[in-house]
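Trainee: Let chain A serve as the given structure and place chain B on it in line with the hints.
Number of protein chains: 2
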Amino acid sequence: MLYSKLFPKTLKQAPADEQSANAKLLHQAGFIRKHMAGVYNFLPLGIRTLNKISQVIREEMDNLGGQEMIMSAFQPRQLWEKTDRWEGLGKEVMYQFKDHSQKDVGLAITHEEVITAIASQMVHSYKDLPLYVYQIQTKFRDEPRPRFGLIRGKEFLMKDLYSFDISNQAHQDFYKQCAQAYLKAFERVGLNVLVVEASGGVFSKDYSHEFQVLIDSGEDKVVHCQKCDFAQNREICHLDNRGQCPRCGSEIVISNAIEVGNIFHLGTRFSDALGLSVTDESGKPVPVTMGSYGWGPSRVMGTIVEVHHDERGIIWPDTVAPYKISLIGLDMELENVRRKAEKVYKLFGVEGIEVLFDDRVGPSAGEKFADADLIGILYRVVISKKTKDKLEVKKRSEKNTHFMTLEQLIDILTRHKFS
Amino acid sequence: MLYSKLFPKTLKQAPADEQSANAKLLHQAGFIRKHMAGVYNFLPLGIRTLNKISQVIREEMDNLGGQEMIMSAFQPRQLWEKTDRWEGLGKEVMYQFKDHSQKDVGLAITHEEVITAIASQMVHSYKDLPLYVYQIQTKFRDEPRPRFGLIRGKEFLMKDLYSFDISNQAHQDFYKQCAQAYLKAFERVGLNVLVVEASGGVFSKDYSHEFQVLIDSGEDKVVHCQKCDFAQNREICHLDNRGQCPRCGSEIVISNAIEVGNIFHLGTRFSDALGLSVTDESGKPVPVTMGSYGWGPSRVMGTIVEVHHDERGIIWPDTVAPYKISLIGLDMELENVRRKAEKVYKLFGVEGIEVLFDDRVGPSAGEKFADADLIGILYRVVISKKTKDKLEVKKRSEKNTHFMTLEQLIDILTRHKFS
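Respectively, the protein sequence lines represent chains A and B.
Under our numbering, the first residue of the first sequence is numbered 1, with each subsequent residue one higher.
Under our numbering, the first residue of the second sequence is numbered 1, with each subsequent residue one higher.
Isolated chain A, as found in the complex (with noise of 0.2 Å):
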C-alpha cells in the first residue's frame, strides 16, 4: 500500500474527546474514528489488525476441532423467554425494540439461545457429539458507561464458541482444552495473560475463569499469589493486598487489569430450557452439557495498544501489525531513489510480504519517521541516498539500526528470524 494514497494519513494530535491510550493512539495513527460514545468505525488501517487478531483465534479454535459459523444479531423475545433472560440480563444490556409489525426484537449480546435451538434440531444421538462451533460476528450491549475506548463499547466483536458434550467429564476435558487454546492465542497476539478464577454465575457451582491482562489502566481488580498460580477476580475474593496466599501463604497482591476472554461451564442450563438432550447407546435420553468461551477480537486489538505503546506511539507485535514492513523513501525527489524505492516496493509484493511504502515528496525524514513510530509496524525500512545498495532496517521497539541487502532482510523475514 501507497502511504501518499492510504486513508486517513495520521493526525498530529491525540482527539481531546479520549482519555484512554488505545482510543487516543488508534484515533490519531489512523486506526479507528469514534463514531458515537462506545462505537468505533474501523479504518483500513484498522480493519488490518483486527482480520489478523481474528485469524488467530480462528486458527485456534479450528485446532480445538471448532466449526466456524455466523448466526444472526437479530433475536426474537420468545425464545430469550424459554431461557427467562428476556427480562433480567435482557433488559439490563440488550437492546430490545420493536419492528413495524410490533413484534418484539432485541440485537444479540451473546447466542446461547440460538445456538442451542439450532442444536436441538439437529443433535439426536451421543453419534452426534462432541460439537463445537464458534463465529466471529459483532454484538451489541447497552453499555451504560461507555469508556477506555475499545475495551467497554456497545457494538463489538466477539469470538464465541460454544460446546455440547455428552457427559460432564467429556465436557470439562474440552474445557481445559479450549484454556490452553486461549493461552495459546494470547501468546500469539503479544499479550501475557493471567488465568483467574471468577464466579460461575447461576449456572454452575464451578468457577468460570477469566484471562486478564495485568496493566494500572485496566479496570478490573484481580487477587493473585506472588508465587503460585492463585488468582480470583475481587469479586469473588475479600482477601487484603499483601494478605496470605490460601494456596501457598506467600503474599498476595491485588492488581488492576483488563478482561480479554472467558470461558464458562453452562452445565445443562440451556438444553435443559430449549429441550436439547441425546440418546446414549443403550437408547436412554442423557443431558447434554454445554459451556461458553468468549474472547474479543476488538477489546483486544485495544488492550494490546495499552499494553505495547510508547511516547512516540504504538508497538504492535508482528502477528497483527496492518503491514509486516514500513518501508520509508528518503530523498524521493531524486529519480534514482525513487525508482530504487519502488523496486524493491514491487519486490516485497512478489515474495508476498505486506508493505506500506511511505512515497510521499515533501515530508522531513523526521515526519516520516514520526508518522512510523505513531503507526508502529515491526520493522522500520529506509532508502534514501545514502543507504546505496543496502536497506536500512531498524525494528520499532529497537534502537539500532541495521544494513543489510534485500536479499538478507527477505531471507530474515522469510525465516521468521530476527536480532
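There may be inaccurate statements among the hints.
For chains that are exact copies, the list does not tell them apart, and a pair is met inside one copy or across any two.
Pairs of lysine to aspartate or glutamate, EDC-like flavour, derived with a Cα cap of 20 Å [what the hints assert, rightly or not]:
hint : residue 1 : residue 2
1    : K205      : D411
2    : K5        : D173
3    : K34       : E68
4    : K127      : D280
5    : K52       : D62
6    : K98       : D142
7    : K5        : D128
8    : K346      : D62
9    : K127      : D359
10   : K394      : D331
11   : K346      : D411
12   : K346      : E392
13   : K98       : E87
14   : K52       : E68
15   : K5        : D165
In case anyone wonders, no lab produced these hints; they're calculated from the structure.
Quick caveat, the model's predicted, so the values are computed rather than measured.
Mentor: Chain B alone, transformed into the frame defined by chain A:
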C-alpha cells in the same frame, strides 16, 4: 473436513415453511437455518460459501483501488437528520429505537452519512482524491414482507463502496470502471447479469444501474431488447411486452429478474449536506462528487442457488463451492479401502485442496451420492473396492465418470483444467 463430524448433516426433506428454491435447498443441504422471518443463520457449509463470494467482490474492489474498512451498524439520529433521511427512508425501512439513555439510534441500511462525515474530517485537498472505500458488513432493513430466502431479508451481508472524486468527469470514469468490475465479479461467481437502467432517485438526473439476473422466480421486472443492450427496470419504462426497442427497433420482452447489485450517482447531495469540499490546485473550494455501489454477497448466494440447481440439489460454480472436492468413501468397513481413502484425503490436504470427505460407515452408496448431489460441490471423487489404484471422478453438472490417478486429478485441479 470429515462429513461424519460436519454440523449439521443434510435432511431428507426441505422445510415446509419455505417456498423458494434457495431457502429450501440451502436449508435441506445444511447451509442455513431460518431464525426469524427474513433472518438466517449461516451454518459451517454456508459461511464457507458466503466467505468465498465475499472474497471475489473484495478482490475486484481492491483491484479498483478500493480500501476496505468497516463501519458500525449503529447510527445516531442527528447525523441522518443532516441529510433529511431520518424521517422518510429512515422511518420506512430503518430500525429506529431508543437506547437506555433515551437517545435515538438506528441500524444502518446504508452508510453514505457515516462515510461522508468521516471523509469530511480527513479530506481537504484535491491531493486527497480520488478516494474509494468499501466494506463488507451486515445491514439491517425492516422489510415489511421478508421472503424469497436469502434474496429479501431483514439482516443481510452487503458490500458497499463509496467513491469521492474531484469532478463529475472523474466520477463518471470510475463509475464505468466499477460497472466493469461488477460484471467480472458476477461472472466469477457464475451469474449472467444484464445491466439495467433504473431511476437515479432524488440524487441525480442520470440513470442508476442495476445488475439483474433474468430468472422466472425473480420479483423484479426488466424491459429489455432481444438484440441490442437496451434494458430498463419496468419502474421507469412503460413499453409493452413484444413492443419496439426505442434504441434499435427490434422486439423487446419483459422478464422476471433478481437484482444482485446496483450503482448510483450521488452527485454532491451528501458532500453538500455534510460539509465535504476540497480545495483545487488554485486553492479554490470544489464540491466532491460521490457515487455509491452495492453488491450483496448473501443475496448473490441465494441467487446462485436459484440459477444453479436441479431436482437433486445445488450445483455450485467451483469458485464458491464450500469445498473443492466431495470425496466419497464406499466400502469403508474394509480396512484397505478405508486406509486408501484416508491417505487420499490427507494428500489433498498437503496440496492445499479443500475436501469434504464422506467417511461414514453405514450409509449406502446411493445415500452418499444423494447427499453429495444435494450439497452440490463440483467435483465428486469416489474411492471403493472397485476403484483399485484409480479414483472415480465426476462433475456435479455432468453424467460421465472418469477414472484417473490421484496425480492426474491434482494436476487437473491445480491447472484449473477439466473437461
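Trainee: Taking the numbered hints from earlier one at a time, note which ones the structure violates and give those numbers from smallest to largest.
Mentor: Hint 1 alone not satisfied by this model.
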